[in-house]
Structure formats: C-alpha cells, structure tokens
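Fit chain B to the given chain A structure using the hints.
Chains as they are written, first to last, in numbering that gives the first Met the number 0: chain A, 0 to 159; chain B, 0 to 159.
Derived from the structure by calculation, the hints contain no laboratory data. Don't take each hint at face value.
Simulated restraints, written as ranges between beta carbons of each label pair [said to hold, decoys possible]:
#1 GLY133/A <-> ASP4/B: 38 to 46 Å
#2 GLY74/A <-> GLY109/B: 51 to 59 Å
#3 VAL60/A <-> LEU151/B: 27 to 35 Å
#4 ALA61/A <-> GLU80/B: 47 to 55 Å
Over the 10 Å line for every Cβ pair with chain A, so calculated as not near, a few chain B residues [to be verified]:
#5 CYS10
#6 SER48
#7 ALA53
#8 ASP54
#9 ARG58
#10 VAL60
#11 ARG71
#12 MET98
#13 ARG116
#14 ARG125
Using N, Cα and C, we set each Cβ at its ideal position, and we do this for glycine too.
2 protein chains.
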Amino acid sequence: MEWLDFSTDNCSVQRTVGLVGEKWSLLILRDAVNGIRRFDHFRRHVGLSEAVLADRLRRLVAAGILETAPYRDPGNRTRHEYRLTPKGWDLWPVVVALMQWGDKHTADPGGPSVTIRHTGCGAPVRLSVVCGEGHDALTPRDVTAAPGPSALRHSPRREA
Amino acid sequence: MEWLDFSTDNCSVQRTVGLVGEKWSLLILRDAVNGIRRFDHFRRHVGLSEAVLADRLRRLVAAGILETAPYRDPGNRTRHEYRLTPKGWDLWPVVVALMQWGDKHTADPGGPSVTIRHTGCGAPVRLSVVCGEGHDALTPRDVTAAPGPSALRHSPRREA
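The shape of chain A in the complex, shown without the other chains (with noise of 0.2 Å):
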C-alpha cells in the first residue's frame, strides 16, 4: 500500500486521535482505569484546572467513552460521578500501549512505577499484535497494510 496516495479523511487511528488524542483527555482517561470517578479526585490527581476538566470530561461523556452516574455522600447533595462504559474500556489497550512505551523508554532508574499482573497466576502483562491464526508477538515487519473497503484515494495527487 502506497500509503500517501490514500486520504486520511476516514483514518481510523485519525478519528481516535480526534476524540481521545490529547493530553489531559489521556491522563484522564489513564485515571479512569485505574478506578477514579469522581470530579474532585480527577483535579487533585491528573493535576488540571476545573475549566478544563469540565471540559474533556464533557467531552468525553459526549463520544459514549464515559457516562455519568448519581452518587451521595452523607450529609452532602447527589452529584455524578464518571464511569467508563464499555467503549470506553475498549480503550484500554491504548492505555496499557502507552505505558509499555514508557516503562521502556521513561521509567526511573529503580524501574516502573506500576506492575499489571495477570490476576489469575501472577505474571506481569504486555501487549502483543497478534494474528487471528494464533501467530503472536508480530512486529512491524512481519504485518502488511492494505486499503480496507472504506479506503479513499488522496486528492489530489501528490506532486513530488
């Protein structure tokens, strides 16, 4: 696939990016899998304004990635609180692809700041292009792109 003759008008990787592709939305978003809900806890912890926490959480309430559910402290009014919904657990690998990527490149010297286990026997996890007949640990070499049946030609064609 000569991938610059191909518009990424419908790029799947590009509508992503276009909901979940920034910074804030993905410490947000790497919170929420590890259990935060709640407003105040996403401020203090990702460590953003109010203004914009609204904001990407508005944001990604709106793209079906979180939703809101009432909660009530004793003593205090019902607030919402926000859950992943199953797409937005679906993001989940992007998460684990990002911190593999930094446990790697980024860590402290003693090494990462946190493990993910397999709970049933203990193993540390990783992500793994696999294929669907059962070949796993695939790098880049060993996979081919082609246009799939959305794909568009660039218009216009490239000049150089």
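For chain B alone, kept in the frame of chain A given last:
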C-alpha cells in the same frame, strides 16, 4: 492499589503522553509507521502547517523517536528525511491500539479504510494483552495493578 494515593510524577503513561500525546505528533507517527519520511509528504498528507510540522518533527527527533537522514533527488540539493528509530518503532503498538479502537467504533459503515494482516499467513492482526505465562486476550478484569519499584506516594493526601 489505591491509585489516588500514588503520585503521577513518574507515571509511564504520563511521561509518554508528554512526548507524543498530542494530535499532530500522533498523526505524524501514524504516517511514519506507514512509510512516510519526507517533510513535504508529511505536510500534505497529515495536513498541517509547515511551522507546526517542523516543531513536532523537532520534538520527535529530540526525544529519539525519529532520526534524520540525508537524501538527494537528482538535480536538487541534499535534504533530510525522517526515519523512525528502534525507540520510535516501539510506539507501533500505540498506533495499532488507536487504529483498533477506531476500526471498531468510528469506521465508515463499509468497514475500515486500512487492514493490517500477518504477512506470513494473511490473517488480520489485533492487539492482545498477554501474560508471561502465555494467557492471552486478557481484559481489565483479568489483571491487577500494583505499585512498582519506583512508586511514589501522592502528597498532599486527598482531602475527601
């Protein structure tokens, strides 16, 4: 792990997001893994201004994700193209994770615009979270996050 009690200062997700967690950087990476190398090709295909592209390329080179290499077309002066380093190729799963989510949740009715197959057997590929003992297709429910060797307490302790 009570994530709220831990500092995000040395979080691997956060550090990675600080380097590539931005719309244009992620789209440049998408194009790079698809073989784009030249400034003008990035500019026309990704569709961003020269100034923003130059800035993002500079940051990606500074982070060791891209490296420059000279090339010369007949009759032209020597220019530089941008190639992924091994550290940059390690971001491939991030791009695949974004694509996989987009294919499922944002693709046109006809299907994705790009397909990736295992060259050896032709089967489509997907990202899977696997563990060191060989269990695969792990979901967020199958894993446990725990403080790693460099975990830092969050301070000040949350108020509510």
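Taking the hints in turn, this is what the structure says about them:
no.: 1; hint: GLY133/A <-> ASP4/B: 38 to 46 Å; verdict: holds, 40 Å
no.: 2; hint: GLY74/A <-> GLY109/B: 51 to 59 Å; verdict: holds, 54 Å
no.: 3; hint: VAL60/A <-> LEU151/B: 27 to 35 Å; verdict: holds, 31 Å
no.: 4; hint: ALA61/A <-> GLU80/B: 47 to 55 Å; verdict: violated, 39 Å
no.: 5; hint: CYS10; verdict: violated, 6 Å
no.: 6; hint: SER48; verdict: holds, 16 Å
no.: 7; hint: ALA53; verdict: holds, 18 Å
no.: 8; hint: ASP54; verdict: holds, 16 Å
no.: 9; hint: ARG58; verdict: holds, 13 Å
no.: 10; hint: VAL60; verdict: holds, 15 Å
no.: 11; hint: ARG71; verdict: holds, 13 Å
no.: 12; hint: MET98; verdict: violated, 5 Å
no.: 13; hint: ARG116; verdict: violated, 6 Å
no.: 14; hint: ARG125; verdict: violated, 6 Å
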